[in-house]
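Trainee: Full structure from sequences and hints, please.
Heads up: the sequence lines are chains A and B, in that order.
Under this note's numbering, think of the first position of the first sequence as 1, with each following residue one higher.
Under this note's numbering, think of the first position of the second sequence as 1, with each following residue one higher.
Just so you know, not all the hints are guaranteed correct.
[Stated by the list, open to error] Just so you have them, the derived chain A footprint on chain B, three or more residues with Cβ under 8 angstroms:
| # | stretch |
| --- | --- |
| 1 | 22-33 |
| 2 | 159-165 |
| 3 | 169-176 |
| 4 | 212-219 |
| 5 | 289-297 |
[Claimed, not checked] Subject to a maximum C-alpha distance of 27 angstroms in a straight line, what follows is the list of computed BS3-like cross-link-like pairs (lysine-lysine):
| # | chain 1 | residue 1 | chain 2 | residue 2 |
| --- | --- | --- | --- | --- |
| 6 | B | LYS162 | A | LYS162 |
| 7 | B | LYS250 | A | LYS331 |
| 8 | A | LYS162 | B | LYS331 |
| 9 | B | LYS250 | A | LYS250 |
| 10 | B | LYS242 | B | LYS331 |
| 11 | B | LYS162 | A | LYS331 |
| 12 | A | LYS162 | B | LYS250 |
Derived from the structure by calculation, the hints contain no laboratory data.
Where a beta carbon is used, it is the ideal one built from N, C-alpha and C, also for glycine.
There are 2 protein chains.
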Amino acid sequence: MSDLKNDRFLRALSRQSVDATPVWIMRQAGRYLPEYRAVRARAGDFMTLCKTPELACEVTLQPLERFALDAAILFSDILTIPDAMGLGLGFTDGEGPAFERPVRDAAAIRRLSVPDPEQELGYVLDAVRLVRRELDGRVPLIGFSGSPWTLATYMVEGGSSKGFSRIKSLLFDQPSVLDELLKLLSDSVTLYLKAQIAAGVQAVMIFDTWGGVLTPADYQRFSLQPMRSIVTQLKADPETAKVPVILFTKGAGAWLEDMAQTGCDALGLDWMIGLDEARRRVGSQVALQGNLDPAALYARPERIRAMVADILEQFGTGNGHVFNLGHGISKDVNPDHLAVLVDAVHELSRPYHRSDGG
Amino acid sequence: MSDLKNDRFLRALSRQSVDATPVWIMRQAGRYLPEYRAVRARAGDFMTLCKTPELACEVTLQPLERFALDAAILFSDILTIPDAMGLGLGFTDGEGPAFERPVRDAAAIRRLSVPDPEQELGYVLDAVRLVRRELDGRVPLIGFSGSPWTLATYMVEGGSSKGFSRIKSLLFDQPSVLDELLKLLSDSVTLYLKAQIAAGVQAVMIFDTWGGVLTPADYQRFSLQPMRSIVTQLKADPETAKVPVILFTKGAGAWLEDMAQTGCDALGLDWMIGLDEARRRVGSQVALQGNLDPAALYARPERIRAMVADILEQFGTGNGHVFNLGHGISKDVNPDHLAVLVDAVHELSRPYHRSDGG
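Mentor: If you want it as C-alpha cells, here you go:
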C-alpha cells in the first residue's frame with residue numbers, strides 16, 4: 001500500500017487505527033448521478049457500458065470527483081460470470097437483469113464450464129487496470145462478484161424473481177445438482193476474483209443478494225458453504241491471501257457468527273441489525289461495513305447528519321468500521337445528500353479515533 | 001367453544017394439548033385455486049369480491065372443501081381500513097394494491113378519522129356473520145387486519161413500494177406526524193378487530209408485512225409499539241380479552257422477544273428463522289405459527305412430506321404449534337401439493353402429541 005495516498009479503507013478492513021472512519025457507498029457509480037446517466041445514454045445499453053473499459057473506468061471515477069470517498073468500486077455487474085458462461089446477459093429497464101439462455105436442468109448445468117477470466121472476462125480486467133492507472137493511488141479499488149447462490153438464482157430463474165419457484169424446485173428436488181452448479185460457480189468466482197486482484201483490485205467483496213430467502217439450514221449449505229470455499233481458496237494462495245475479503249448477505253442478521261467464521265476479513269451489514277449488536281457478536285473477528293438505511297438519504301441534511309452520528313455512536317470507539325449504506329444507493333436520491341453523508345462521516349467520526357490516532 | 005367440532009387451532013394457540021398439530025395456510029382462499037379464480041372472474045374485480053359478503057363467504061369456505069384445514073380465515077384484504085378512511089383502494093393486476101388518494105402530508109393525515117366498523121366496514125362484518133353461519137362450528141374463523149405500520153406504508157406510498165421513499169421521508173423528517181398517523185391507525189385497527197370479534201371471529205391476526213424494512217430502533221417505535229397498543233386494548237376489554245391474537249412481522253427473527261412481550265398469544269414466523277430456535281427463545285411465552293418455506297410447495301410430494309416432518313421435528317413434542325407457511329401461498333402452486341402438506345401435518349404430528357393426548 002506504499003503508493004496509496006488514502007489507506008483508511010484498507011486499514012479499517014484490517015482493524016488498524018485510522019484518523020477518521022472511511023466511507024464508500026454501494027452503487028456509488030450509478031443512476032442517481034446525472035453524469036452517469038449521460039455516459040449510460042452515450043453507451044446505449046448497460047452491458048455496453050460494462051464491456052467498454054474506457055466507459056466503465058469513467059463512471060467508476062465519477063463519484064470520486066464529487067465526494068470525498070475513501071474507496072472506488074469497479075463499475076461492473078454481479079452477473080458477468082454467467083454471461084461469460086454463455087447465458088447471454090441483458091437488462092430490461094425497470095425489470096432488471098435477464099438471461100437469454102437460463103439453465104434449468106442437470107444437462108444444461110453439466111454443459112457449463114469455468115470461464116477463463118483473461119479470455120472471457122478480459123473487459124473487466126482491462127477496466128481494473130485502467131482504473132488503477134487513472135486513480136494513481138488516490139484511494140484503493142474494490143473488485144467484486146455475485147455469490148454462487150445469487151448467481152445460481154439468476155441463472156436458473158432467468159432474471160429477477162419474486163417466488164424463486166425454479167431455483168427452489170431445483171434445491172428441494174435435486175439438491176445435488178444444485179451443489180454441482182454451486183461448486184462450478186465457487187471455482188469460477190475464485191478464479192475471477194484472483195484475476196481481478198492480479199489486475200489490481202485491492203479488496204474484494206462478494207454480494208449475496210439472495211441468501212436471505214433461504215431457511216437457516218439451506219443458507220448454510222447453498223449460500224454460505226460456497227462463499228466459504230471461495231474465501232478458503234483466496235486465503236490459501238500467497239498471491240491473494242493478503243487482499244481483504246468482504247462478505248455481504250442481505251438479511252443475514254441471524255447468521256453473522258457463521259459468516260465471520262469463513263475466514264473473511266469483513267462483513268457487510270444491512271440496516272435491519274444494530275451495528276452495536278453486530279460488533280458485540282463478531283467485532284473481535286472481523287471488520288464491519290455499513291449500515292445506514294439507504295432511505296436515510298431521502299431525509300433533510302440535518303437528519304442525515306444525525307443518523308450518521310447514530311451509526312458512528314453504535315460502533316463506538318476502536319477500529320474496524322467502514323461506513324456504508326445497508327444496501328445500494330437508490331436512483332432517485334439527491335446527490336447533494338450523499339455529499340452531506342460523506343462529510344458527516346469524516347467530521348463526526350474523528351473524536352472516536354483520537355485515542356488510537358494520537 | 002362448546003359448539004366447535006374442531007378446536008385444535010384454538011387449543012394450540014392457548015398452548016393446550018391436541019391430538020395432532022393444527023394447520024391452516026396464509027392466503028388459503030386465493031388464486032392458486034381454480035374455483036377461486038372462477039368466483040373472482042364472476043365478481044369482475046378484487047374489491048367487489050371483498051365487498052360482497054356472499055362471494056367473500058363462498059371463497060372463504062372453498063379451501064375447506066378440498067383440504068382438512070383446522071381453521072378458516074376470512075377472505076378480505078389487509079387494506080380495508082384505509083379504504084374506509086376514503087383513500088379509494090383498487091388493485092392492478094401484477095402490481096398489487098393502489099390507493100387513488102394517498103396521504104402525503106400532515107394536513108392530509110389530520111383530515112383522517114377512525115372509521116366506524118359497523119357503518120363503513122359493514123361488508124366485512126356481514127361476511128364474518130355469514131361465514132360463521134355456514135361454517136356451523138366445523139372449524140374456527142380467523143379475522144385480521146394489516147398492522148398500523150403496514151397500513152401507513154401503503155397509505156403514504158400509494159401502493160406497493162421498493163424503496164419506501166415517501167414513508168421513510170415522513171419517518172425521518174416528521175416522525176411525530178407519523179406517530180399521529182400510527183396512533184389513529186392503532187385505534188382504528190383495535191375497533192375493527194373488536195367489531196370482527198363481536199361479529200364472530202374466534203382469533204385475530206395482525207399482518208405486519210413491512211416491519212422488516214425498518215432498523216431495530218425504528219421497528220420498536222413505528223411498528224411494534226402500535227401493535228402493542230392494539231393488543232393492550234384488546235386484552236383490556238372483557239369482550240375481547242380471551243380471543244387469541246397472533247402477531248406476524250415478516251423478517252422479524254431478531255425481535256421475537258420484543259414481539260412476545262406485547263401480550264399477544266402467538267407469533268407468526270417466516271422461514272428464515274429456525275422453529276427450534278424460536279421455540280427456545282419465546283416458546284414459553286407464546287404459541288408459534290409457521291414456518292415452512294412457501295416454495296416447498298413447488299417440490300415433489302415426497303419432498304414436501306420430508307420438509308413437513310422436519311418442521312414438526314424442529315418444534316418437537318409439547319404444545320403451542322400451529323403449522324403454516326412462512327408467508328402466503330403462491331398463486332402458481334399445484335393445489336394437490338397443498339393436500340399433501342395438510343395430510344402430512346396431521347399424520348406425521350400425531351406421535352409428537354401422544355404423551356399429552358393420552
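Trainee: Work down the list of hints and note, for each, if the structure agrees.
Mentor: Now the hints, each set against the structure:
no., hint, verdict
1, 22-33, "violated (count 0)"
2, 159-165, "holds (count 3)"
3, 169-176, "holds (count 3)"
4, 212-219, "holds (count 7)"
5, 289-297, "holds (count 4)"
6, B:LYS162 / A:LYS162, "12 angstroms, holds"
7, B:LYS250 / A:LYS331, "26 angstroms, holds"
8, A:LYS162 / B:LYS331, "12 angstroms, holds"
9, B:LYS250 / A:LYS250, "15 angstroms, holds"
10, B:LYS242 / B:LYS331, "34 angstroms, violated"
11, B:LYS162 / A:LYS331, "12 angstroms, holds"
12, A:LYS162 / B:LYS250, "15 angstroms, holds"
Hint violations for this structure: numbers 1, 10, all remaining hints satisfied.
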